[in-house]
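Given chain S, work out where chain R should sit, using these hints.
Line by line, the protein sequences are chains S and R. Reminder that position 79 of the first sequence reads as 79 in the numbering used here, one-by-one numbering, no gaps. To convert, count from 1 in the second sequence and add 1000; that's the numbering used here.
No lab work stands behind these hints: they were computed from the structure. A virtual CB, placed ideally from N, CA and C, is assigned to each residue, including glycine. Keep in mind that the hints are not guaranteed to be accurate.
Per the computed footprint, the stretches of chain R lying under chain S, defined by three or more beta-carbons under 8 Å from a beta-carbon of chain S, are [said to hold, decoys possible]: (1) 1019 to 1031; (2) 1065 to 1077; (3) 1109 to 1118; (4) 1121 to 1128; (5) 1194 to 1205; (6) 1249 to 1257.
Examples of chain S residues lying across from chain R (beta carbon under 7 Å, computed) [said to hold, decoys possible]: (7) E88; (8) I155; (9) R159; (10) G161.
From the derived model, a few chain S residues whose C-beta atoms are all more than 10 Å from chain R [unchecked claim]: (11) H156; (12) A173; (13) I219.
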Amino acid sequence: MHILIYGIINSIALSLISLGFALVYSISRVPNFAHGALYVTTGYIVWLLINKLTGFPYPLAILVGIGITGIIGALIYRLVLIRIRGMEISEIIATYAIGVAILEGLRWGGLRGMTFTLPVFIPGSVDIFGVVVDYQRLVVVILGAATFLFLYFFIHHTRIGLALRGIAQDERAAMMLGIDSDMTAILSLGIGSALAGFSSLLLLPLGNIIVEAGYSVLIFAVAVCITGGLGSLMGTIVASFLIGFAQILTDKFLSTHYQMVVALLAIILTLIIKPSGLFGKQKELEERV
Amino acid sequence: MEGKGYEANLEERSPMLEAKELLVFYENMIALNNVSIKCEKGEIVGVFGSNSAGKSTLMYTLSGIILDIKFKEEMRGGERISVFGKILFNGCEISSMKPHERARLGIILCPERRRIFPESSVLENLLIGAFLSRKERKENLDYVLNLFPRLKDHLKRQGGFLSGGEQQMLAIGRALMANPKLLLLDEPLLGLSPYYQEIVINGITQIRETKKIGIIVTEQYARPLMPIIDYGYILENGSSVLSGTKEELMDNPDVKSAYFGV
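Okay, chain S solo, but in the shape it has when bound (with noise of 0.2 Å):
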């Protein structure tokens, strides 16, 4: 039951880190390497808020952590990815680039020595069946849930989300009907960096905000990914759940420190057994003539 319980936490947790990253790819084919930095960031600036500024709240601190993450990844775009567009490696090395940057940055500006710790948002815990859980965690599997509802929506039945699939389809083809290739990446760049920020706030109450979560939630999200298949938001869910599981399987019964052995595990297996990912892009979906 333990297993059961924790396993699902576990695996909508490791989506919810890996579905900004995941939908920045499928909608502009950009591998978002400072998704990691952003997640940190939001952790940052929410607790600068509540901590520096006597009597912010809570909840308008969280929006602006979110509000402000996004607005970065829509600026990494802007300012530097739209010149090297189309162009993996480099997409690669810029915005990885930028996440060491960011992070390194938050280390030197103050993220160092003591203990930050954002407040959970309901105190507490509760016991399902014989186990207990803190509400913290169950809101991470409420608002997780939520978040994938809300995102299939927006991305199937708005015009937005329309657009966004459209790009992520076929970038031309998308274009000849007006809709605005640069546009919709920056919207994807700001959506999937503010559900960077998002996960972190649901759940850095659970751990410290340090540094090295940075790297390691952006290996996490790459294996959710890769395993998933690049591109593919349905992927990334499966993916979450198998290794979520994993981990927690390995949690139990050899030692918490395997857990990001598990993630790399993940890696090296799809990359030999199947690259292209479980949920990747099908050979028989290409275009007849």
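Relative to the frame of chain S, chain R by itself:
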């Protein structure tokens, strides 16, 4: 005689689309050599030529996609593409506009090989096409489904699983959803069986009659489209070697032998 009157008419008014002396180079290879083309509202203009004659390049140049290709090639350090010439749309110079800006003016390209969104359903493909025409979405959808009733049966199917002919109908329908004023059709008959060719050709004629928009259509093989065009151009190695009304082209012995196989 009918042809003459028509030509005189073209000279007087300024046409909806007028491209003057288009020159496009891929590195040192010339893809379009001084091509000028006009299209009037309510008119179907045919552009014929074999592979590598420059038909697609012409379509990309008119719709602005060439600028995107050029930009990406430059970024990558690949081929150097140069584009010269003037494109006037309703009297406005548009040759430096981006593709989506031109689409907003009403120039919609239905590309070669259709480029359907493979993972989206037929309905979703059409709705993505309606990005620029939110208000008239319902109306346009009815129009498209009326024009190509076959699409009605497959609304929920993934675009990538349609047959070639259905994909072509979908591609034209998707372009129509964007409320085009000038519809560019790049090889709409490519790889289609005669049965589907006829459906597509009938569709094009119907669009002209009901929507009164300008249509430029390219094709390798002139015969199936000849009956419906008003004016035609023949491209060879990037140059427009011949142009004229339907009758003029049909009477020309060179055209007869090269494009009709007579």
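Quiz item: Honestly, which of those hints from before does the structure not fit?
Solution: Failing hints, ascending: 1, 5, 6, 7, 8, 10, 11, 12.
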